[in-house]
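Visitor: Respectively, the protein sequence lines represent chains E and L. The first sequence begins at 289 in my numbering and counts up one residue at a time. The second sequence begins at 27 in my numbering and counts up one residue at a time.
Hint data in this document are derived by calculation from the structure and do not stem from the laboratory. Where a beta carbon is used, it is the ideal one built from N, C-alpha and C, also for glycine. There's no promise every hint is true.
To be verified - Some chain E residues judged to face chain L by a derived CB distance under 8 Å, without partners named:
| hint | residue |
| --- | --- |
| 1 | Phe355 |
| 2 | Tyr367 |
| 3 | Phe368 |
| 4 | Gly385 |
| 5 | Ser386 |
| 6 | Thr390 |
| 7 | Gly512 |
| 8 | Ser551 |
| 9 | Gly558 |
Said to hold, decoys possible - To be clear about the criterion: a stretch of chain E counts as covered by chain L if any three or more of its residues have a C-beta under 8 Å from a C-beta of chain L, and this derived list gives those stretches:
| hint | stretch |
| --- | --- |
| 10 | 402-410 |
| 11 | 474-481 |
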Amino acid sequence: MIGSQKTLRIIYAAALQQVMEKCLEQFSIQNPGLKFEMNGVGSREGAKRLLSGEEYDIIALADQALFAELLVPNLVEDYFVFAADQIVIGYNHSSRGSKEITQENWVDTLLKPQVGFARSDHHLVPRGYRTLMVWQLAELFYDRPGLYSTMEAACIPYSTYPKSLDLSSALFQGKVDYAFLYSSEAKQLGLPYIVLPSKINLSNPAYAKFYDQASVTVESKIPGKNVIIHGNPIEFAIGLAKDSQHLELAQSFVDLLTGPEGSSTIEECGLIPC
Amino acid sequence: MNEEKVSESELTIPIERSIQAELLLLLGQRPSHGYELIQRLNEADFKSGEADAATVYRNLRRMDKEGFIKSHWEVGESGPGRRLYKLTPQGEASLKVWAKYIAQQKVTLENFLQAYLQFEASLTEREEGAT
Chain E
289 MIGSQKTLRI IYAAALQQVM EKCLEQFSIQ NPGLKFEMNG VGSREGAKRL LSGEEYDIIA
349 LADQALFAEL LVPNLVEDYF VFAADQIVIG YNHSSRGSKE ITQENWVDTL LKPQVGFARS
409 DHHLVPRGYR TLMVWQLAEL FYDRPGLYST MEAACIPYST YPKSLDLSSA LFQGKVDYAF
469 LYSSEAKQLG LPYIVLPSKI NLSNPAYAKF YDQASVTVES KIPGKNVIIH GNPIEFAIGL
529 AKDSQHLELA QSFVDLLTGP EGSSTIEECG LIPC
Chain L
27 MNEEKVSESE LTIPIERSIQ AELLLLLGQR PSHGYELIQR LNEADFKSGE ADAATVYRNL
87 RRMDKEGFIK SHWEVGESGP GRRLYKLTPQ GEASLKVWAK YIAQQKVTLE NFLQAYLQFE
147 ASLTEREEGA T
C-alpha cells in the first residue's frame with residue numbers, strides 16, 4: 289500500500305495521451321492511494337520545461353534523440369526506446385479530394401488550390417519537424433526538385449495548429465482537409481489516412497541513412513540559438529529524472545510500460561511496441 | 027528443448043512465416059535489438075521481401091512469448107536503452123527445422139524448374155517440327 293501523500297509526476301508527449309492514461313489505470317490498481325500529475329505536452333517543449341527547472345519523475349518523449357540532445361546526462365541518466373510509429377496523411381470523409389487521394393498522387397492532391405493541409409510547429413513537437421523531413425525526402429524520392437519549398441508555401445501556417453491536439457482536433461472537426469499525423473493518432477481518432485512509402489515516412493531503420501539526408505533547424509536549449517536536427521526512424525523513449533523523489537515507483541511504472549502489459553496497451557493504441 | 031513444440035512447428039510452417047526463420051538465423055549469428063535486426067535483415071541476401079518495423083517487432087514479440095528467443099532491456103552506452111534479443115536452445119532447434127524445411131522446398135523447386143525446362147524444350151522442338 290502506497291502512502292496517500294505520494295504524487296508521481298509524469299510529463300509526456302501529447303501523442304502518448306491514450307497510452308499513458310491506460311497504463312496509469314493499470315498502475316493505479318497496483319498502487320492504490322498513489323496520486324498522479326500528468327502533463328501532456330509537445331516533446332521539445334516538455335524537455336525544455338525540465339531544463340527550466342520544472343520537476344518530474346518520468347519523462348516520455350516522441351523522439352528518443354531529444355534525450356541525448358537536451359536531457360542526458362544532467363537530468364536523465366538512462367532512457368529506453370519503447371515504441372515506434374510512422375508519419376501518415378490523415379483526412380476526414382469531407383476532405384476535398386479524399387475520394388481520389390492515393391499513395392501515388394498525394395502530392396498533387398494536397399497542392400490543389402482548393403485543398404487545405406496543415407502541420408504542427410517544428411519548434412514544439414517532433415511531428416512538426418518530422419513532417420518537414422517527409423517533404424524533403426519526398427522531393428528526393430519522387431525526384432521533384434523544389435517540392436519541399438512548394439509544400440511549405442502551400443501549407444496552412446504552422447502557428448495555426450501548433451500542437452498535436454490542435455491539429456488532430458482541426459482535422460476531426462473538418463477545419464483542414466489533410467494533416468500530417470502519426471499513424472497511431474489517426475487510428476485512435478478513427479480517421480482514414482494515406483500510408484506514405486516507407487522510404488519517406490520515417491518508419492524503417494533500414495532507411496536510416498536515407499532519412500539522415502533530411503534536416504530541419506529548430507530552436508536549441510540556448511535561447512536565441514538554433515540547432516540542426518537530422519531525420520531518423522520515429523522512436524518514442526522514456527526515462528527517469530535523476531532527481532526523482534520516487535525512483536522506485538517511477539521505475540515500476542516504466543517496467544509496466546515496457547513489459548507485456550504495456551506492450552499490449554501500446555499496440556491497442558496503434559503504436560508499435562519495441 | 028521442447029521437442030513437442032518443435033515438431034508442431036515442423037508440421038505447421040507456413041511460408042509467410044519465413045521472416046521468423048530469417049530472424050532466428052540473424053539472432054543465431056549474434057544477439058541484436060530490433061532496430062539493428064531490421065537493418066541487418068534488409069541488408070541480408072536471404073531476405074524474402076522488405077521487412078518493415080511492425081512486422082519485425084510483431085514476430086520478435088511472438089517468438090519471445092513462444093520461447094524461441096529471449097529478451098532483456100539493455101542500457102545503451104552512448105544512446106538509448108533497447109530490448110536485446112537472444113536465441114534460446116528451443117529457437118536453435120526451430121532454426122534447424124526451418125533449414126530442413128527450406129532444403130526440402132529447394133529440392134521441390136529445383137524439380138519443378140527441371141520439369142519446366144524439359145517442357146520448354148519440347149515446345150521448341152514442336153515449333154521447329156511444325157516449320
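Visitor: Hint by hint, note whether the structure agrees.
Guide: Results for each hint:
1. With its C-beta approaching chain L no nearer than about 7 Å, phenylalanine 355/E sits inside the 8 Å limit, and its interface hint holds.
2. Taken as an interface hint, tyrosine 367/E checks out: its beta carbon lies about 5 Å from the nearest beta carbon of chain L, inside 8 Å.
3. The beta carbon of phenylalanine 368/E comes within 4 Å of a beta carbon in chain L, closer than 8 Å, and the hint placing it at the interface holds.
4. Because the beta carbon of glycine 385/E sits about 27 Å from the nearest beta carbon in chain L, more than 8 Å, this interface hint is broken.
5. With a cut of 8 Å, the hint placing serine 386/E at the interface with chain L is violated, because the nearest CB-to-CB distance is about 25 Å.
6. A least Cβ separation of about 19 Å between threonine 390/E and chain L goes past the 8 Å threshold, and the interface hint is therefore violated.
7. The interface hint given for glycine 512/E is violated, since its Cβ lies 29 Å from the closest Cβ of chain L, which is over the 8 Å cut-off.
8. Hint on serine 551/E holds. Least Cβ distance to chain L is approximately 7 Å, under the 8 Å limit.
9. Look at glycine 558/E: its Cβ only gets to about 10 Å from chain L, farther than 8 Å, so that hint breaks.
10. Coverage of the stretch 402-410 of chain E by chain L is violated [criterion: at least 3 residues with CB-CB distance below 8 Å; count 0].
11. Taking a C-beta to C-beta cut-off of 8 Å, the stretch 474-481 of chain E contributes 0 residues in contact with chain L, too few for the three needed, and the coverage statement is violated.
Checked against the numbered hints given earlier, the structure breaks hints 4, 5, 6, 7, 9, 10 and 11 and satisfies all the rest.
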